[in-house]
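Peer 1: Listed here are the chains, written in short residue letters.
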Amino acid sequence: MAMGTLSRRNRIWWIAAIVIPCLAPIALPRFYVYLFSIILLFGLLATSNDFPLGFGGIYQFHHAVFYGVGAYGTALTIMKSGLSPWLAFIIGPLIAAFLSLVMGIICIRLSKLYFGMLQISVGSLVWVVVYRWYSFTGGDNGIYDITVPDILSSYQGAYYFTLIITGISLYLMYRILKSPYGSVLQGIRDNPVRSAMMGINVKRHQLLALIIAGFFAGVAGTLFVVVDNTVFPDMLFWTFSLEATIMCLLGGWLTFLGPLLGAAIIVVIRTFASTYTVYWGLVLSIIFVLVIFFLPNGILGWIQELYQRRTKLAEVKE
Amino acid sequence: MLYVQSLTKSFDGFKAVNNANLDVQQGEIVAVIGPNGAGKTTLFNLITGILKPDSGHVLFKGEDITGLSSHEVCRKHISRSFQIVNVFNRLTVFENTQISILSRERRTWNLVTPSSKLAVDETNELLKNVGLFEKKDRTSSTLSHGDRKVLDIAMALGVNPQFLILDEPTAGMSPEETTRCIDLILGLREKFGLTILFCEHDMEIVFRIASRIMVMVRGATIIQDTCNEVRRNQVVQDAYLGESDVCLM
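Residue numbers (this note's numbering), protein chains in the order written: chain B, 97 to 414; chain V, 10 to 258.
I should point out that these hints are in silico values taken from the structure, not numbers from a laboratory. Treat the hints with care, as some may be off.
Selected chain B positions facing chain V (in silico; Cβ < 10 Å) [to be verified]:
| no. | residue |
| --- | --- |
| 1 | Ile284 |
| 2 | Asn287 |
| 3 | Arg290 |
| 4 | Thr326 |
Derived lysine to aspartate or glutamate pairs resembling DMTMM-like cross-links, with alpha carbons at most 25 Å apart [unchecked claim]:
| no. | chain 1 | residue 1 | chain 2 | residue 2 |
| --- | --- | --- | --- | --- |
| 5 | B | Lys208 | V | Asp192 |
| 6 | B | Lys408 | V | Glu143 |
| 7 | V | Lys200 | V | Asp156 |
| 8 | V | Lys145 | B | Asp286 |
| 9 | V | Lys144 | B | Asp241 |
| 10 | V | Lys145 | V | Asp192 |
| 11 | B | Lys274 | V | Glu131 |
| 12 | V | Lys145 | B | Glu411 |
| 13 | V | Lys126 | B | Asp286 |
| 14 | B | Lys274 | V | Glu177 |
| 15 | B | Lys413 | V | Asp146 |
| 16 | V | Lys137 | V | Glu177 |
| 17 | B | Lys274 | V | Asp192 |
Just so it is clear, CB atoms sit at the ideal spot from N, CA and C, and this is done for glycine as well.
Using the sequences and the accompanying hints, generate a full structural model.
Peer 2: As structure tokens, this is what we get:
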């Protein structure tokens, strides 16, 4: 009986989770549809950041580089090569994945915090190149008015495209985490020495996690091009990486949907805070400190804990 | 089966392992004993590739495995458990054991098939063998210390070793758990035909199950011989047994 009501409630949640995002553009004004698109693609960015961070135990601190390079890759392919934009949408993430491989090979020799620090340094080099190379990347102006296929040029079209691609990407990452590779990756997170002693080549498995994360960050970057039709160097700046990491921590870095929730909260707070204050960095860091102190496992992690405690209590009572 | 020849490792000038020698024949149970800080765990780390030796050789079945990394050593069918429990804390007992089996089957690069459909029977079988089957869905961090030690051994067995290294398998266990664990190890050895190298502080266990004993003091091998010879050896009594309260006779 209890199981029946639970699954029925779950089904209602699932239906709501699918139907509400699909209907949103019909009911909501343009600004909110744009906001929803941003939440989705930032959610994808944060989830791909959490793939190595929360499930691989790799301190992926400069994830925005792959997001930005994916976006620039797509934008430059569209603007400079004359290839079909649809093709560019694939090329962008692939460039991001390739950069992730190269940076991964450089950084993976170090572990934990040292990896994160080296990644920030190397990633900042990439940012400098994008920021200063005026003739190619447009420097601090970025690139404007990127032409996207007609079907995506309306805000609803861009929204639905973002929704579908984000959905597929999240599903793929979820499947990977449930595969043997995903189990091994989580094993490495919990205990790399033990994993190696079980015949697992730790560094290579971690490198693949970085490539996968880089690819999906590139997908998120490409979606930003579709939604906003611009790219700019701040997308690669390390403070934005920090924001993505905070999304993971706030939502729950050990849960799969946590980063998406974190992204939604951060985007909403930023949107409304920016009408009152210019000190967004201050607001963000206060959130960060509060999360570290009061919700070390994030919001979803906290809910999970409560739920587990309740089921354990029920068991004890029986 | 395993030969260790004048193995040496120093940390900042301190010789943790200094000219250690060891040989283990197929099917034997060899114990390494020695006072705290004698370098037993370091020796095991050197054999299993967690640390790289400064000099000396490790031969396994005639093959030089000195300085190989851990995952390569594991592929030679050497496996180990750890002194300080070393399991995947956030995963369930089942997942902990399953990863080991998936690794042996070289399925760790599979990104497509759900884990829940792979190696399930084998994992259950192994968990039944070690007596953890009833607890397979518990997160490993919620297990008792004794159960975690047993899980550690199960994970070492999942890769199908011929040679098993156990670093203080009963450390921190209650007397009942210790008995259970030793019976388990002996049973598993029968069942899988394992050769075992272990270290242990409990002399009663050492003299009961070891066929030969190697004594280490300050990183160096003093003697490796049968239990009776080790008992009788004057150097061992002076260097090691004299210092401790353990009564051997």
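Peer 1: Confirm or reject each hint.
Peer 2: Results for each hint:
no. : hint                   : verdict
1   : Ile284                 : holds, 9 Å
2   : Asn287                 : holds, 6 Å
3   : Arg290                 : holds, 5 Å
4   : Thr326                 : violated, 34 Å
5   : B:Lys208 with V:Asp192 : violated, 40 Å
6   : B:Lys408 with V:Glu143 : holds, 17 Å
7   : V:Lys200 with V:Asp156 : holds, 20 Å
8   : V:Lys145 with B:Asp286 : holds, 18 Å
9   : V:Lys144 with B:Asp241 : violated, 59 Å
10  : V:Lys145 with V:Asp192 : holds, 21 Å
11  : B:Lys274 with V:Glu131 : holds, 19 Å
12  : V:Lys145 with B:Glu411 : holds, 17 Å
13  : V:Lys126 with B:Asp286 : holds, 23 Å
14  : B:Lys274 with V:Glu177 : violated, 34 Å
15  : B:Lys413 with V:Asp146 : holds, 20 Å
16  : V:Lys137 with V:Glu177 : holds, 23 Å
17  : B:Lys274 with V:Asp192 : violated, 36 Å
Against the hints set out earlier in the document, violations occur for numbers 4, 5, 9, 14 and 17.
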